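Produce the entire structure from the sequences given, and follow the hints as far as they go.
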Amino acid sequence: MSEMISRRAFLKGSAAAACTVAASGLTAAAAPAPSEPQLCTLLDLSKCTACEECVDACKEANADKYPQPEKPFPQMYPARVPVADWSEKQGIQDRLTPYNWLYIQTVDVEVDGEEIEVNIPRRCMHCVNPPCVKLCPWGAARQFKNGISRIDSDICLGGSKCKAVCPWHIPERQTGVGLYLDILPSLAGNGVMYKCDRCYNRIAQGELPACIEACPEDVQQIGPRNEMIEKAHILAKEIDGYIYGETENGGTNTIYVSPVPFDAINKASEYGKGRPPLKPAADSMASANNIITAMAIAPIAGVAFAAGKLFKQTQKDT
Amino acid sequence: MTTPAKADSVSRYLYLFTVFFLVLSGFGQMPIFKRYYIADIPGLGWLAKFYITHYIHYLGAILLLGVCAYYITDYFMFNFKNKKLTFSGYFKTAVIAGLTVSGFLLIIKNFADYHLPGGLIIFLDLCHLILVMLLLGFGLYSLIAKKRWTVNRQDKIKNDSQNNG
Ligand code: SF4
Ligand code: SF4
Ligand code: SF4
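Residue numbers (this note's numbering), protein chains in the order written: chain A, 10 to 327; chain B, 2 to 166.
Keep in mind the hints are simulated off the structure, nothing from the lab.
Wrong hints could be hidden among the right ones.
[What the hints assert, rightly or not] Derived lysine to aspartate or glutamate pairs resembling EDC-like cross-links, with alpha carbons at most 16 Å apart:
| # | chain 1 | residue 1 | chain 2 | residue 2 |
| --- | --- | --- | --- | --- |
| 1 | A | 172 | A | 161 |
| 2 | A | 276 | A | 119 |
| 3 | A | 321 | B | 9 |
| 4 | A | 154 | B | 114 |
| 5 | A | 276 | A | 161 |
| 6 | A | 288 | A | 255 |
Just so you know, these numbers come straight off a predicted model, no measurement behind them.
Structural data, given as structure tokens:
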């Protein structure tokens, strides 16, 4: 019920609130955020034993954020629109779901004739410039100044664009919940997308994310990005290891250090829906952002073209 | 050599071409073309590819900025004495200005380390959508009712005096 009220309140209040925020935000718009460092995690994969304490802790700490869908789901048109219902499978822990934002990927990798087991806690990478946030057509996905990206479940319409544009296809959908139910449930939207929000509420209170706090092996540490990268390089040197996440997708706030190369991990892993690979990932936002200079040149070209026309007309008249 | 008349016709077609692709790629920012089978039409599969529509939208914005700069310069350097913007011209200019400002802010936020308040992003997204609907609606009305962007100042004075007399 409270969720319904908050959605309706959002619908009524959004116009007024948006206008107020617009007025205050416009002035800030043209300047980058003050240099608050992005929070980054460093994961030493040589330590992870796949005990899944972190997975359980995540579920416990975030249970109140999980979807509570209303059933039966409204009929959606056209018939190809897929229903994503995980509410009867909340116990699944071996992949990402709306009820499981972290899972342990276990890979047996053969290096120089020796078989090594690598356990990789997988969840949202919290990209430095997250396409899930930047390309959300409706502003439901947000990035805080500390780098945490979060999908607002009161606003998300469940179109799954964030999943499509994420290099690792991390967010997962639950049908039958969210704002779309109050708009045109049959014709637009399809629920809400869910993913790790880096326990933003715990961090705001000065606490550690639940998965970090629960880990008996101290696999993860969290801190300003530059510090974590520095530590990652020291660690990689110490264990003669490999780094993933520093440059992928233009840089992420999840840095893995592994004793075996990531391309070997990739070849040995079984991937599929909800089980993302650790493949190379180019900067998704770069190609469009790189043509911004042309936006400054275009008006100059337009003015020159008009001036040329005037020049020719003057020549014709004299 | 491009003659002034040819330049006007080129810029008009460029404007229409640009607006067409901007609208198409703009609607492609929402996950609707796949859902509603439009991307299944041969040749339109790109409408469901978000990075492609995003890139095309940026290219469209670049062209639109160029065309707008051309029209503004041309109007003030060439036509200001003779021609006057109609109500329809003023309305469409204001809508395009709104689209440009909201689009500019949405582009800025796509850079790393640029954060706009969440409410402002929703406001800008909605503004951009409503303004493009207004432009499309008014553009269609202008086409049917034959409303032009500008009229000759002389014609306007003549019409006004006829109407008053
Ligand atoms: S990993 Fe995917 S979901 Fe997470 S911030 Fe990056 S783009 Fe978004
Ligand atoms: S940071 Fe929080 S939400 Fe994310 S995986 Fe860890 S416990 Fe779960
Ligand atoms: S709690 Fe630590 S050791 Fe256990 S699975 Fe999670 S990261 Fe690995």
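Each hint tested on the structure:
1. 172/A x 161/A: 15 Å, holds
2. 276/A x 119/A: 10 Å, holds
3. 321/A x 9/B: 13 Å, holds
4. 154/A x 114/B: At roughly 8 Å apart (the allowed maximum being 16 Å), residue 114/B and residue 154/A satisfy the hint.
5. 276/A x 161/A: Answer violated: residue 276/A to residue 161/A is near 35 Å, above 16 Å.
6. 288/A x 255/A: Holds, at about 13 Å.
The earlier numbered hint that this structure contradicts is number 5, and it is the only one.
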